[in-house]
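K.L.:
Starting from the two chains in their separate frames, assemble the complex, guided by the hints.
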Amino acid sequence: MADHKSNAKAYWQANLRLIIISLAIWALVSYGFGILLRPMLSGIAVGGTDLGFWFAQQGSILTFIALIFFYAWRMNKLDKEFGVDEE
Amino acid sequence: MSQFAINLIFVGGSFALYIAIAIWARAGTTKEFYVAGGGVNPVVNGMATAADWMSAASFISMAGLIAAGGYANSTFLMGWTGGYVLLAMLLAPYLRKFGKFTVPDFIGDRFYSTGARLVAVACLIIASVTYVIGQMTGAGVAFSRFLEVSSDMGLIIAAVIVFLYAVMGGMKGITYTQVAQYVVLIIAYTIPAVFISLQLTGNFVPPLGLFSDHIESGMPLLAKLDEVVRELGFRDYTADVDNKLNMVLFTLSLMIGTAGLPHVIIRFFTVPKVADARWSAGWALVFIALLYLTAPAVASMARLNLMTTIYPAGPTADSILYAERPDWMKTWETTGLIKFDDKNGDGRIQVYNDTPAFAATAAERGWNGNELVVNNDILVLANPEIANLPGWVIGLIAAGGLAAALSTAAGLLLAISSAISHDVIKGSIKPDISEKGELMAARISMGVAIVVATWLGMNPPGFAAQTVALAFGIAAASIFPALMMGIFSKRVNNYGAIAGMLAGLISTCVYIFLYLGWFFIPGTATFANTPDNWLFGSTGYGISPLSFGAVGAMINFAVAFTVSSLTAPPPVRIQELVESVRFPRGAGQAVDH
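Protein chains in written order, with numbering that gives the first Met the number 0: chain A, 0 to 86; chain B, 0 to 592.
Next up, chain B with everything else stripped away, as it sits in the complex (with noise of 0.2 Å):
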């Protein structure tokens, strides 16, 4: 059977079941789609908030990350669990009694403003949309390459696939489907990683075959890695950080982003009881860990599994052929992820860090610049080419890949559309909505949203990776400091959560379009996106860009809390409603004086 038709195989088959889900579990009414009925195991849930937060970013892209950056990149991998701890102790259990629908619901009853509900949505909209033209986009790379198919076409079928059992089933359609995109993604992206363990190290555990022996040199894996990329130039894997400030801000930003990002919280509306949002915080931990575990080891084992093939003999040794090259290096060739340039014209492939510090070395052995360029987000998607694994295995991370991508984008263009037709519609523009109406406005305003992201996916504006950072910062800056600061204070008002969090949305916006172009328009930035620009840059410590949410969160919590004291306190309603919120038991009970 050749590849293509096993690869169709696991395709067809893995959406044959979403779809068969989705007509099981379709919603009947706005609690169902909205919340799914609220009544979802925690474990379950669980499992669904694990597949709605591992996006094609963590599935496809974070394993390249940390390979081409080393230990420097570690901070995904705390930044984008550390999340978990802060959104069970400080925000998930709270906005569950609260027991409202959706993130801008808070917002806008906290803060008894609906100005506020309305800059909580515009922030929601921003987020949420950015990141979902992440998902289309690397949806249809998936398809492209292993459905033969055109990256438009695949976005197209992509985009039926969700809008079908999306519209249809809701929150509850959607939490099902969820699970099983979980079990998917994850097998997909074990199965590999335990071969490639074994053949490596002999652990067939990739997390312990991390710290284990290299077979072949004797050696511990990651001290074989190290010299390998010292031997041709490039920094040691293992090497420690100078900007030390910069990563515990971007670190943090990524954690409160994550906390902070509405499609995950809303997850936490679907559980029965508060005590189930709090187990269920951590059993999202548990199955969002099987991979965030798994993803250091594959990226430390494929990084020397293709060191090994372009350098058969070592790093010190002459390198392979390009006439000589594996086939999948042919395969990947042809979608222009990988790029080969002979520069010396000696017919062979040489890969190594083109710095002036290394520059005498490459002299002495011939080489005329680095030759061969690899996308970081091949990796996984090419680890079992690369290690040489059976057809049903790349099948597998094929339907993985995908099921990444449809989760994330199917959770995101919920949280798009309960904003829309719950908070702008029903909360603002026509209160007396009947239920039959608002789920109809539900429907179709994801049903829009489909539309927008796929046409976006399809004209990208060029600035992809750059938007999912403008999706955390803004999340971390805004929305995350405006919940935290409506559960654990009772003095913070409607003026200074709408001056927070303007304050923090604008200055992190700003920042990053000081680098990195305004409104992303190709060459508007106003400083160049150099480590010696950055604020504080002179002094070895700048803040990059993709950093400042952090910053942003900071400044939200200090103007939110100045402009308040200075204001009148909250009525006396609003208080009784933090009390409320912060027991588990009704209201009357907690309030009770």
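This is chain A alone, in the form it adopts within the complex (with noise of 0.2 Å):
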């Protein structure tokens, strides 16, 4: 019993570290890239403007399903690694 309880324990900080990860790229893309080191970007020339405006309107949000799709297919499998999963 005390071996399932360390099981548990141990899926619930993959969930968390996994969370954390994906959520540091989240941040970077859209506040990192998008807004805050948009001006460290501007040297790199995307269609008129700079990388910068394109993670702004376009790659950030092409990250985010990325990350959602990475995220649901990692944790999916991790819940039958763990035997936590439905049924």
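Quick caveat, the hints were computed from the structure, so don't treat them as lab data. Computed from a prediction, not measured in an experiment: that's the story for all the values here. Note that beta-carbon positions come from the ideal geometry of N, C-alpha and C, so glycine has one too. Hints may be right or wrong, so weigh each one.
[Stated by the list, open to error] DSSO-like cross-link-like pairs, simulated, lysine-lysine; straight-line CA separation at most 27 Å:
id, chain 1, residue 1, chain 2, residue 2
1, A, K8, A, K76
2, B, K272, B, K489
3, A, K8, B, K99
4, A, K76, B, K272
5, B, K99, A, K79
[To be verified] Under 8 Å between C-beta atoms, here's a sample of chain B residues computed to sit facing chain A:
id, residue
6, S73
7, L76
8, G81
9, Y83
10, A87
11, L220
12, V247
13, V273
14, A280
15, A288
16, Y291
17, L292
18, P583
[Stated by the list, open to error] Okay, the calculated beta carbon distance ranges per label pair:
id, chain 1, residue 1, chain 2, residue 2, range
19, B, Y321, A, L22, 49 to 59 Å
20, B, F487, A, A44, 40 to 50 Å
21, A, A23, B, M0, 55 to 65 Å
22, B, P521, A, I24, 43 to 53 Å
P.N.:
The structure is reproduced here in structure tokens:
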């Protein structure tokens, strides 16, 4: 039984780690590249403007989609590995 | 065939479809009424969520806002999509595991307090009612423009349609009509965009066209647009923003506000499994992104088109004669959303940025003030006409705008009615109400909510734009932090949660009221709403009232943790409840020890 509990704890830790990594990327592409770091990326030209503009209007949204699907895929796998999935 | 007849066919046809779906998907139980029986496929739910989420603001207003603000208004694009990442990782799967019907359900149970539940109901109702007013007025505008009825009449038609399918079908009817509405609105939004992108850049994919070359000038589209607006004294379209703190906080407020809006959250209660809730958030964002990646292209291309219409020979040459203005300008003038005033009496339309910095150039060119005021909201609706697209595209846009407004209105009304019938009536006033009685109560409260929303739509309190900010602020500052702490902390207790929600709610409302008027009554604002008056305004990094939701959320977290640490931890059964929502498998196994 104690074994089961530590297993549950490891599952939750793995989830938290995944969330922290994902949200770090989430913040980097939007608040970072899209807003705060835009002046630093101004040297990289993209279609008449710079990379920061692209991240603010397209890149961040595309990254968000990739992040959610990656998280869903990884978590659904973790659910099975730790034996906490449904059914 | 006249344009009116075409519009009627498109709008009438789409409405007939929604009604047919509603009859097919009637709700017989409270579970069907609240969460569509919990058996909605995750992709279908993603599509319904996209329609639920994309309101008149996304469909009608957003591209206009970006066209006017350029890069600075990218905040809407990032803010209204980034919230789904938070939903997928921080809220949706755990709330689905919890497995009840409403957002206050979770807050009431997790914080073992009817008080917390009622505070959550109050936040939910304020946020949703303010939001629904905007949808109803949006629908009214679309009706009056395309079906040539008064906007009050348009509102009543919209209300009757929503009443029919939402009251009859509940969440089940709403889900399947939202799927149909999504299809209508996305086709309506992308077809004109594809045409315009082809005309301007030769690329038929609008998001790619945005970063392609402008055919006529051979320059990159955005560089051309920058050049044109610069000649007329406007800020460069792609210009960077100085007050980055406010830009960050505004984006953050929109993101956590999105994740905290109850009508979006309850959509994730309708899928069969926890794993499906995760997938479904991803699908929702895919369907939303189809519009959100098109919107910035529409924005820049429409702005360039508008400038070329007014300055056919370029911004440094003479502008168009008022007598020779295109037909679309005439039709929109009748709605009052385009206004012309020949200030220098030369019979031409001059559009420029009327600021001191540009005064010398304007005087030199014999201009006496900006002469054309174009409401941002018409940009998407008038887009097909500006680009000379065929009549059926205009009919499609009409149906699409209405689909966007009605699908969101229905979702909001369901969130309101379930909070009243389930949380207030069954949860506190009459816990022994029968299943049939609760279903009847849900239908009646939805009917009342529709009547109130219609009345408010007809008599808008004159602050529709500000109230939307209030809706996001409240969701961000009260609901999101309470839900997140309920899942990720076992230590936050009933006192902490209630104190936190109230602190977030009150601080956000007070900050908004200080600048926009107390309870939005005109003339009661304590400070003028200008950047140097805002908090930290003197440093050049002022926080606008629209951005305060993120600060309110931080206040909520801080107060909740402080109060909780000074009072007793939650009882063991609550800690077990938290433990159980964290694991997809049944509660018994997860807390086995």
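K.L.:
Is 40 to 50 Å a correct range for the gap between the Cβ atoms of B:F487 and A:A44?
P.N.:
Taking Cβ atoms as reference, B:F487 and A:A44 lie about 42 Å apart, which means the hint holds.
K.L.:
Going by Cβ atoms only, is B:V273 closer than 8 Å to chain A?
P.N.:
It holds, given that the least Cβ distance between B:V273 and chain A is near 6 Å, below 8 Å.
K.L.:
Quickly compare the C-alpha distance for B:K99 and A:K79 to 27 Å and report which way the hint goes.
P.N.:
holds, 24 Å
K.L.:
Decide if the proposed pair is consistent with the structure: A:K76 and B:K272, CA atoms, cutoff 27 Å inclusive.
P.N.:
Answer holds: A:K76 to B:K272 is near 14 Å, not above 27 Å.
K.L.:
Grab the minimum C-beta distance from B:Y291 to chain A and call the hint holds if it beats 8 Å, violated otherwise.
P.N.:
With a closest approach of 6 Å, the B:Y291 hint holds.
K.L.:
Tell me if the interface restraint on B:L220 is satisfied: Cβ within less than 8 Å of some Cβ in chain A.
P.N.:
Holds - the Cβ of B:L220 comes within 8 Å of chain A, reaching about 6 Å at its closest.
K.L.:
Can we keep the B:Y83 interface hint, with Cβ of chain A closer than 8 Å?
P.N.:
holds, 6 Å
K.L.:
Any CB of chain A closer than 8 Å to the CB of B:A280?
P.N.:
At 6 Å from the nearest chain A Cβ, B:A280 passes the 8 Å test, so the hint holds.
K.L.:
Given a hinted range of 43 to 53 Å, is it respected by the beta-carbon distance of B:P521 and A:I24?
P.N.:
holds, 44 Å
K.L.:
With a cut-off of 27 Å on the C-alpha distance, tell me whether A:K8 and A:K76 pass.
P.N.:
holds, 16 Å
K.L.:
Regarding the hint that B:S73 lies at the interface with chain A, is the smallest CB-CB distance below 8 Å?
P.N.:
holds, 4 Å
K.L.:
With 8 Å as the cut and Cβ atoms as the points, is B:P583 at the interface with chain A?
P.N.:
holds, 5 Å
Checked against the numbered hints above, the structure violates none of them.
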